[in-house]
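K.L.:
So you can see what is in the structure, the chains are spelled out below.
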Amino acid sequence: MPPRPHPSRRPRGTSPSPTRRTLLAGAAAAAASVPLLSSCGSGAKDGPLTFWNFYHPAPQQDPNLVAQSDWFQKAIDRWNGAGEHEVSSVYMTSDQMNQRMPVAFASGDGPDIFLISPGDYLRYANGGVLLDLSPYMEQDAIDDFYPDALTTRRDGDKIFGLPMEQEPLALFYDPDLLEKKGIAEGDLPKDWDDLLEMAASLSSGTTTGLVLDVDPGYYQNFTFYPWVWQTGGDVIDPKTQKPVFDADGPRAALDLWGRAVASGATPRTRPANGDIVSAFSSGYAAFWETGVWDVMSLTDNAPDKKFGVMPLPAPKGKESSTILGGWAWCVNARGKDPEAAARFVVQSLGSMDRECIDHCAVWNGPAKGNMPARKSVDQKMQAEGSYDEEHQKIFHEEILPTGRGEPRFPPVVYKAVSDALQSVELAGGDPAAEASRAQQTIESYLETYEGGSLV
Amino acid sequence: MSAITSRERRERRAALFFLAPDAIGLTVFVAIPMLLSVVLGFFWIDGFGNFDFIGLDNYVRMVKDPQFWSSAKVTLIYLVVLVPLIFVVGLGLALLVQQKFPAVGVIRSALFLPYVISIVVVSMVWQFMLTDRTGVIATLLSKIGIDGLSFLGDPKLALGTVIAVTIWLQMGYYMIIFLAGLQDIPTEYYEAARIDGASARQRFRRITMPLLAPTNFFVLLTSMVAVVTGGLDMIFVLTSGGPANSTSLLIFYIYQQAFLFGDLGYAAAVGSVLVLFLLIFSAAMFLATRGGRFSNDD
Amino acid sequence: MTTDATTTSAPGRAPADPSSPRSRTSPVRPRKRRSRTAWLLFAVGLVLALATVFPLLWMVLGSFKTPEEVNSPQLIPKTFTLENYVYVFSQVPFARYLFNSFFVSAAVTVLALWFHSMAAYALARLRFPGREKIFLAIFATMLVSAPVTIIPTFIIVRTLGMVDSYAGLIVPAIFNAFGIFLLRQFYVSLPDELEEAALVDGASYWKIYWSIVLPLSRPILSALAVFFFLANWNSFVWPMTVTSDPNLRVVQLGIQSFQQQYAADWNYILAAATVAALPTLGIFFVFQKQIVASIKTSGLK
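Going down the list, the protein sequences come from chains Z, G and W. Read the first sequence against our numbering and you will find it ends at 455, with the numbers running on by one and no gaps. Read the second sequence against our numbering and you will find it ends at 298, with the numbers running on by one and no gaps. Read the third sequence against our numbering and you will find it ends at 301, with the numbers running on by one and no gaps.
One chain only, chain Z, in its complex shape:
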């Protein structure tokens, strides 16, 4: 993919260039395009603050979804109950959010508060629509966040989003299935080659050895990065901001994924349409790379099914490493009342008061079952025994410490890595050639890139 042709990205918030005159090519067209191109906000300052999310109000009565929805309800009730500028939440599926957000922002009608993943962060930050939350936070609270959870949401001292969780990836496995094939829990794979060999030998009939993600998208890249990091490699060096993808490490990681599919260890489509609960219950998969959220899915939806969790195996002689996903709350800088929205977000996720910390512990504990983004929440959860459950314990003690925040790469970088990965994994592409091509694409893109750092 070639670089963006425009000479430089406009610094955020600047007014349109004088070339707007050319818009007058057609009067009607120009008139109609003003809302699209102008940077005005939604205009109206009254009405409740809209909060777009995919948890509340719950669209169905599944107990787990209701618990998550109630958590949002409680946070909103606390705010609204204090007579502040009313917050009103809008539920959307994540697909709908993907569709609706760009349309809404392009027409100056974005939500006041919304959820954002690292994959989308830079676009929004560089577009100048995210409000800096740091003026609304105590320094203690800022320091209370784990650096890995916050780095990808900040620019210098400015904080553009507050993470509500950290979600590490790990290797889930089915001990019953392994036992049936004569593999004891002590024989779990120790390195990459071990894993591939074992997974290939387990694949037969309806059983798949190792499930890796196959659908192109941000999520697939997310599940791929830790394998790159384990080699000591990276896509972009956070210090120099230069691409380092055309190197031995990334090539080896690409090669691993390619061999996994080629050897039959990994299927080209995920069993049970990617639902680990059904797949494990039916004995369709032995190993599965997925995140901490599936601990709760499995324990809730298949309470009788035994499963195990282990860190992602590293190449021989290297350290295991993982990636930390999760969503952050952001405030639209051009919303109705950004100041009130910011205070709401800080009150709910980023304040040192007891109520906030306790409530966050409920989210990361019983409601969502993942890892907290803050130290005080972690202490609270430890005191409450949230990590006593055997799988959560492994995540908390062994996996979380090896984690690194999900990188916030812009679309062109994401796409370059995705194309290389897809080609090697599924189309028999050569790892060296693909790594080098991705490297070139990223290099030429970064030549003209201006905006937040790529970490």
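Hints should not be assumed to be uniformly reliable.
What the hints assert, rightly or not - To give an idea of the chain W side of the interface with chain G (calculated C-beta under 7 Å), a few residues:
hint: 1; residue: S35
hint: 2; residue: R36
hint: 3; residue: P73
hint: 4; residue: P77
hint: 5; residue: F115
hint: 6; residue: M118
hint: 7; residue: A119
hint: 8; residue: V144
hint: 9; residue: T149
hint: 10; residue: F175
hint: 11; residue: P279
hint: 12; residue: T280
hint: 13; residue: G282
Said to hold, decoys possible - Straight-line C-alpha distance at most 20 Å; calculated DMTMM-like pairs for lysine to aspartate or glutamate:
hint: 14; chain 1: G; residue 1: K64; chain 2: Z; residue 2: E443
hint: 15; chain 1: G; residue 1: K156; chain 2: Z; residue 2: E84
hint: 16; chain 1: Z; residue 1: K393; chain 2: Z; residue 2: D255
hint: 17; chain 1: Z; residue 1: K336; chain 2: W; residue 2: D164
hint: 18; chain 1: G; residue 1: K156; chain 2: Z; residue 2: D140
Note that these hints are calculated values from the structure, not bench results. Keep in mind the model is a prediction, meaning the values are calculated, not measured. Idealized CB from N, CA, C, for every residue including glycine.
Starting from the known structure of chain Z, arrange chains G and W on it as the hints suggest.
P.N.:
Structure of chains G and W alone, referenced to chain Z:
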């Protein structure tokens, strides 16, 4: 003289009145958005209110963008394979269910059935059935000794799979259109030909095809438009453009650029090229068929 | 797996059937041949029909499966359960979604047929300058594809204050050149004498349209009605873009909301999909004769 002009004036005024609702609606909801889209193609837009006029840069970028060309190629293959197949399958089914045989009504309904189900549901169902190893198709195939095919996961098979599912979905619709055309051909023509000793193939070539020409034209044109502009929902749910971009149609690429990457200007430019391509293609079809008997003066 | 057996063995069995000893004794040869052909055609049709319906059958049977079983390749559920349907209607406002889809699709269909028949009447039967050009311009709008224009369209809809309203779901969906095109072809084919007598009697063009042209187009209108209704019932991208109010959620979005971020309740999805397909199936079964009959008399002949 004056009577004629007054009648003419009355007729013109009536025409204006009758045309107004659709003309206004199409202008507001189709034409202006399209014009806007063309205008946006000359801008760099980040989707957050920042923009910059960049002239033809988006088009220059398109020419150099390997992903654009790869998507254009996929779209072309999709078009060139799918349109004739839909034509043949639709016509074949129509010829079949036009005959009299037991339970023909039920069979006809069954063949139309997929068309009434939404693409989203249909794609989910197929995705389920086409899963490696555990899907129902893989299970059936392994019973007859075929193992290890991945219809959605192998770049060599994925586009073919998408085409097959599309045909399955739409064949009933085109079958109905062809059926209507076939039933309009007077049976006496066939009787006469039969008496003259014409074979079934001769009857098809000499009577059916010529008299079916307007239907053929309609099916070719509308299926071409549907193939190029549609298909987004299906790709979206079925393959996300993968594996390895093998099903990344232009329409999906446009969607990706606009909605996932927020590059509205570039998406608009690619979209404009797509519409222009359709315009040229259908104009060529009009010319080749001398208007497909569209003109009033025919 | 029973369906599989029928599907694969049918072609082999088909020719054998008519040539059974009994049919050989038939006295009238041509008749026998015709019936043999009929049975052959039946066999071919049956195989194709079964193959076509199989995925839908799989969907319907899957909707009766338990969550544990929904991913198994087994076609027939081991334990039949109605739980998924109970869930879909009791735990989710699915009836509301069905109502929204029905209301929106019906409104779009009625308004679209009305406007399109008016426009088509003018394009086919009235003389005015620039008629051919206008027709071609209208036709050209058929080539515009939704994803290209969805953002500009949204901006216009928002300017008109129709976001998150029934109007936003209905109004932009009405305007589609396909219907105008088809109806115009039909009106062109009507005989010229049609309105002459009425015009001599001094009837207005509206009266001619309303009491002569519209009644004549009933069959083609009913066919288009089915196609429009189907298209709008199944439409997905536009409702997803223009609404977020749960009270306006249409059935296709309702189905999608079963796909949570981290969990896919396939048993519910299949039940919901089956429920969502029932009205369209019903409409097709009721109208299938009219559809063929009407397209037949359209300008496509």
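K.L.:
Against this structure, judge whether each hint is valid.
P.N.:
Against the structure, the hints come out as follows:
1. S35: Hint violated; W/S35 Cβ to chain G Cβ min 9 Å, cut 7 Å.
2. R36: Interface hint status for W/R36: violated (11 Å vs cutoff 7 Å).
3. P73: holds, 4 Å
4. P77: Given a least distance of 13 Å, the restraint on W/P77 is violated.
5. F115: It holds, given that the least Cβ distance between W/F115 and chain G is near 4 Å, below 7 Å.
6. M118: For W/M118, the interface hint holds, since the closest Cβ of chain G sits about 4 Å away, which is under 7 Å.
7. A119: holds, 4 Å
8. V144: Nearest chain G Cβ about 5 Å off; hint holds.
9. T149: holds, 4 Å
10. F175: holds, 4 Å
11. P279: Hint violated; W/P279 Cβ to chain G Cβ min 9 Å, cut 7 Å.
12. T280: holds, 4 Å
13. G282: Violated. Min distance 9 Å.
14. G/K64 / Z/E443: holds, 16 Å
15. G/K156 / Z/E84: The hint is violated at about 58 Å.
16. Z/K393 / Z/D255: violated, 32 Å
17. Z/K336 / W/D164: Given pair Z/K336, W/D164 holds - Cα atoms ~18 Å apart, limit 20 Å.
18. G/K156 / Z/D140: Violated, at roughly 56 Å.
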